[in-house]
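Visitor: Going down the list, the sequences are from chains A and X. Residue numbers for the first sequence follow our numbering, so the first one is 1 and each next one is one higher. Residue numbers for the second sequence follow our numbering, so the first one is 1 and each next one is one higher.
Rather than coming from a laboratory, the hints here were simulated on the basis of the structure. Cβ coordinates follow ideal geometry from the N, Cα and C atoms, glycine included. Heads up, a few of these hints could be off.
Stated by the list, open to error - Covered stretches of chain X (in silico footprint by chain A; criterion: 3 or more residues with CB under 8 Å from a CB of chain A, positions within the stretch not fixed): (1) 56-65; (2) 75-81; (3) 93-104; (4) 255-269; (5) 277-284.
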Amino acid sequence: MRSELTWMVGGQQGEGIESTGYVLSAGLNRLGYHIYGYRTFSSRIKGGHTNFRIRIATRRVLANSDHVDVLIAFDRDSVRRNAAQLTPGAVVVIDDEEAHPQLPEAGDGVRVLGVPLTGIARDVGGVIMKNMVGAGASAALLGLPVDAFDDLIAERFGSKGEKVVEANRRAFRAGYERLAGQAACSDLRLEAGDGRRRYTMTGDDAAGFGALVGGCRLIAAYPITPASDIMHWLVPKLPQFGGVVVQTEDEIAAITLAVGAGYAGVRAMTATSGPGFSLMMEALGYAGMIEAPVVIVDVQRAGPSTGMPTKHEQSDLFEMLYGSHGDLPRIVLAPATAEECFYGAAEAFNLAERYQTPVILAMDLAVGLAIQTVDDLDFSRVKIDRGLVAAPEELGPEDADFKRYRFTDSGISPRSLPGMPGGLHLATGLEHDETGHITEDRRNRVRMTDKRLRKFQSVELNDAIPPVTFDGPEAPDLLLLGWGSTYGPLAEARERLERQGASVAHGHIRLLEPLPAGVLASRIAQARRVVVVENNARGQLARLLRQEIGTADKDRLHSVLKYDGTPFLPSEIMRECEAML
Amino acid sequence: MATVIDRRSPKDYATDAAPWWCPGCGDFAVLRALQMAAADLNLDPARTVLVAGIGCSGKIGDYFRSYSVHVVHGRTMPVATGIKLANRDLTVIAAGGDGDGYGIGLNHFIHAARRNVDITYIVMDNKVYGLTKGQTSPTTHLGSRTTSAPTGAIDRPITPLRMALVAGVTYLAQGFSGDPKHLARLIKGAIQHKGFALVNVYSPCVTYNKINTYDWYKERLVNLDDDESYDPGNWQAALNTVIDKDDLVTGLIYRATDVPTYEELLPGYRPEPIAAQELQRDPAEWAKILAEFA
Ligand SMILES: Cc1ncc(C[n+]2csc(CCOP(=O)(O)OP(=O)(O)O)c2C)c(N)n1
Ligand code: SF4
Numbered sequence: 001m002r003s004e005l006t007w008m009v010g011g012q013q014g015e016g017i018e019s020t021g022y023v024l025s026a027g028l029n030r031l032g033y034h035i036y037g038y039r040t041f042s043s044r045i046k047g048g049h050t051n052f053r054i055r056i057a058t059r060r061v062l063a064n065s066d067h068v069d070v071l072i073a074f075d076r077d078s079v080r081r082n083a084a085q086l087t088p089g090a091v092v093v094i095d096d097e098e099a100h101p102q103l104p105e106a107g108d109g110v111r112v113l114g115v116p117l118t119g120i121a122r123d124v125g126g127v128i129m130k131n132m133v134g135a136g137a138s139a140a141l142l143g144l145p146v147d148a149f150d151d152l153i154a155e156r157f158g159s160k161g162e163k164v165v166e167a168n169r170r171a172f173r174a175g176y177e178r179l180a181g182q183a184a185c186s187d188l189r190l191e192a193g194d195g196r197r198r199y200t201m202t203g204d205d206a207a208g209f210g211a212l213v214g215g216c217r218l219i220a221a222y223p224i225t226p227a228s229d230i231m232h233w234l235v236p237k238l239p240q241f242g243g244v245v246v247q248t249e250d251e252i253a254a255i256t257l258a259v260g261a262g263y264a265g266v267r268a269m270t271a272t273s274g275p276g277f278s279l280m281m282e283a284l285g286y287a288g289m290i291e292a293p294v295v296i297v298d299v300q301r302a303g304p305s306t307g308m309p310t311k312h313e314q315s316d317l318f319e320m321l322y323g324s325h326g327d328l329p330r331i332v333l334a335p336a337t338a339e340e341c342f343y344g345a346a347e348a349f350n351l352a353e354r355y356q357t358p359v360i361l362a363m364d365l366a367v368g369l370a371i372q373t374v375d376d377l378d379f380s381r382v383k384i385d386r387g388l389v390a391a392p393e394e395l396g397p398e399d400a401d402f403k404r405y406r407f408t409d410s411g412i413s414p415r416s417l418p419g420m421p422g423g424l425h426l427a428t429g430l431e432h433d434e435t436g437h438i439t440e441d442r443r444n445r446v447r448m449t450d451k452r453l454r455k456f457q458s459v460e461l462n463d464a465i466p467p468v469t470f471d472g473p474e475a476p477d478l479l480l481l482g483w484g485s486t487y488g489p490l491a492e493a494r495e496r497l498e499r500q501g502a503s504v505a506h507g508h509i510r511l512l513e514p515l516p517a518g519v520l521a522s523r524i525a526q527a528r529r530v531v532v533v534e535n536n537a538r539g540q541l542a543r544l545l546r547q548e549i550g551t552a553d554k555d556r557l558h559s560v561l562k563y564d565g566t567p568f569l570p571s572e573i574m575r576e577c578e579a580m581l
Numbered sequence: 001m002a003t004v005i006d007r008r009s010p011k012d013y014a015t016d017a018a019p020w021w022c023p024g025c026g027d028f029a030v031l032r033a034l035q036m037a038a039a040d041l042n043l044d045p046a047r048t049v050l051v052a053g054i055g056c057s058g059k060i061g062d063y064f065r066s067y068s069v070h071v072v073h074g075r076t077m078p079v080a081t082g083i084k085l086a087n088r089d090l091t092v093i094a095a096g097g098d099g100d101g102y103g104i105g106l107n108h109f110i111h112a113a114r115r116n117v118d119i120t121y122i123v124m125d126n127k128v129y130g131l132t133k134g135q136t137s138p139t140t141h142l143g144s145r146t147t148s149a150p151t152g153a154i155d156r157p158i159t160p161l162r163m164a165l166v167a168g169v170t171y172l173a174q175g176f177s178g179d180p181k182h183l184a185r186l187i188k189g190a191i192q193h194k195g196f197a198l199v200n201v202y203s204p205c206v207t208y209n210k211i212n213t214y215d216w217y218k219e220r221l222v223n224l225d226d227d228e229s230y231d232p233g234n235w236q237a238a239l240n241t242v243i244d245k246d247d248l249v250t251g252l253i254y255r256a257t258d259v260p261t262y263e264e265l266l267p268g269y270r271p272e273p274i275a276a277q278e279l280q281r282d283p284a285e286w287a288k289i290l291a292e293f294a
């Protein structure tokens, strides 16, 4: 019996390989397992290898594992490409008429079972259901109860009619029966799940959901991997809550449309990835200058330029922090898990309206697309704070100019929204005075710049997404620092090292701008060595820390970088740490 | 609360700022015409938003009294769309130059036209980049000498009227700064029109465009509104007319009243403004959505 294993399905892109993974992950979730599902795909619709791996465990997991224990292969290419990850004792189920086909590429000690997945599907109603046969075969190998999948199949295919549901159930059961009672593989069976109700979602889903709960009523976006799923999730949902989705002609239109809506009093967002984010730079500064709230999600992928559209990276940090000309205030918030994508997206709208500024939600492909188990979401933690909006008595007589940009101690001035009598003003990207009128007066210029930057001296966050968290000893031999989706691999590496007796702490930063520099400086000072772990080539977070914390002596601050398009495995981080401990 | 004003005069739509346009600039007349149209419609300045572009023309945002948004170069269309969708009770008017709308912002113009959002767009077309000192613009005539083409422009000009018709505008008019009263009527019609309305205005730049002057236009422009036989409901005829007359027409060129607006087509779009919605909702609603992830 296993408390954890990794299952993978591989085949040609465009054949619905993913649906095998989705059915299995939904079933596993209902049985009370934790999962972490990761798809590897390329920018191509039909053809080319794709795989979907699910790490299944009886405790929370937020990273890929080093090895694959079960591979459902719809072609030999899938075996060849993933053989290096197959452990001795792993099982490959290959779509083959022969019960034990010759498959030397699988490697030594790997058990190979031939199951005619396509053939079985054809017999029960159509080759299109080969994925369901594969899912059934997988359920059998893992020792899962077949009945657990009946409802799920009905939910998934119910809209297509009873016939389709029945056919898919037959396919699932046929696959299941073929491998049920495979005594030779009984070691792969999973310990029973705890049956607790949990949820599985991607970070993109969660960000869409968080935005909705956080009061977002308009998204303007232009399709781009890996951010489109945020818009996709909101497309059916927003209209139910009186909101709108606009697919714009480009990302410049997307952000400016959202800024217009935000200026007019609607919580609005856009979601994009590197190439689109680059197009948004001028408008980002515009939002900062007219002090309009707007939320921009950047689900980072491998750059520069078109880079590797379907591959993971965290290389937009500099752009998020420094992009756009001029001294532009902004808030950058990086959720580490799907849960935090939910709370972070919701909170981003509070921050945007409270500080009247662009808020960038810094996601990455791994947190955006990986399917993660979420224990629960606590909606009472999402409080809507619309920031300073002028009350009728604060507004002027109808024909007077309203001081929309009034100098205040906090730097935040009450907003008037179009439609409010007495709130007339000019909102312009040109430098302006308190009423919004254009001026290049030197004294005003300095005061206005200071006012805009003053808003961010301290940013308070919802405690569901703290600025930075620390695990492990306060004065460790090794302090690991990261941001975004590296949370899972770092947490796991730290736990494993700690079990080996090492003194290792893990700090994870959510608020990248303004950076919680004080607490970071004190933790960094107490650690013997500091390792900044991130998925980019220049060590962008490490450079930020050096710049902001200054005192961190160069020899004690190391970078561990990975920029090959794939997220860290916990073991990779461990290896680097072991060399330094 | 707002005092209800029965009648406003054009002066009620003037800010304290003194226009800084060069004496004789066509943009003065556009401002005056807009103020006349607004007074005629008795628009409430608090419920009107003027979205202005960047350029000499864009300064209009500082001079017209309403909620006023001065955007980045070329992006009036998406900003105006965002404002209108956020609060459908507002009257949203965009205004900018030919460089702003047909150069850097051309993409947005075409898409705004085909969406048919209920906004009005006034382009102050002086066939030159004024604010940056007289470079070639997308509407500069072939052979015109500009600061960036001292031997004459070699890019064939954009023809905004044809382009607008093909893009699907549902209200198309062209005015001339030499006749602000007529222009005011065209702007008024545009604001009243349900859907996307373009008013292209020949607004001479007296400083940098020595070809397309007031006199040049006066000699050539034909007012379609004076022609009883002209039917602005006929798209094909409108297209033929602007081609035949080489765009040198004024008046209402085309109007379609049977095309649904974007707002009418948006799924779930409600009659009350989104901006007026209460956002804090019963957590039970969210729990129902969460269950979809179980
Ligand atoms: C992105 C960007 N590029 C360039 C400029 C400089 N710029 C300001 S106005 C303008 C052209 C204005 O021409 P037009 O829109 O025809 O307006 P006009 O000044 O003639 O009224 C340019 C190029 C800018 N503000 N922003
Ligand atoms: S430069 Fe031309 S467009 Fe600009 S204000 Fe002067 S006359 Fe008008």
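Visitor: Which numbered hints does this structure break?
Guide: 3
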